[in-house]
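Go ahead and model the full structure; you've got the sequences and the hints to work with.
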Amino acid sequence: MKEREFVSVFRSSKKSDTYIFVRRGQEWEELPESLRGIFGQPVHSMDLVMTPERKLARTTGKQVLEAIGEKDFFLQMSEERDGYVVDFRTKPEQRNP
Numbered sequence: 001m002k003e004r005e006f007v008s009v010f011r012s013s014k015k016s017d018t019y020i021f022v023r024r025g026q027e028w029e030e031l032p033e034s035l036r037g038i039f040g041q042p043v044h045s046m047d048l049v050m051t052p053e054r055k056l057a058r059t060t061g062k063q064v065l066e067a068i069g070e071k072d073f074f075l076q077m078s079e080e081r082d083g084y085v086v087d088f089r090t091k092p093e094q095r096n097p
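Residue numbers (full-length UniProt numbering): 1 to 97.
No lab work stands behind these hints, which were simulated from the structure alone. Since this is a predicted model, take the numbers as computed values, not measurements. For each residue, glycine too, the CB sits at the ideal point set by N, CA and C. Treat the hints with care, since some could be wrong.
Stated by the list, open to error - DEER-style ranges, computed between Cβ atoms:
1. E53 x E30: 26 to 32 Å
2. D72 x M46: 17 to 23 Å
3. E29 x E79: 27 to 33 Å
4. G37 x R4: 28 to 34 Å
What the hints assert, rightly or not - Below, computed lysine to aspartate or glutamate pairings styled on DMTMM-like, alpha-carbon distance capped at 20 Å:
5. K71 x E30
6. K15 x E66
7. K71 x D47
8. K55 x E79
9. K55 x E5
10. K62 x D72
11. K62 x D47
12. K62 x E5
13. K55 x E3
14. K2 x D17
15. K14 x E29
16. K15 x E70
17. K62 x E3
18. K71 x E33
19. K2 x D72
20. K2 x E70
Pasting the structure below:
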C-alpha cells in the first residue's frame, strides 16, 4: 500500500449513493466488465490525494488505498436504510417516525 495516491472518484449513473475510487488516469475499460455493467456510466465527482489517515464519510483512506492496491478500485455502495417499505394501509399518524 502506498502512503499517498492521487485518486479520482466517480458516481454511478445507475445506482444512487454508489461511488468508485480509482487511481487518477485509470482506464475505465481496464476494470472488470461485470463491475462496469453494474456501475453504469461513471460521472466524475472529484480528484483528491488519498492518505491512510484520511477520514471519509463511510470509510477510511487506508481501506481505499488497500483496495486500489489489490483490485485497482474501491467500490462504495449505498448503505442499507430502514423505512424503505411504508405500510400504506395505516394512517400516517400511526406510522413510525
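Identify every previously stated hint that the structure contradicts and give their numbers, smallest first.
-> Checked against the structure, the hints that fail are numbers 6, 14, 16, while the rest are satisfied.
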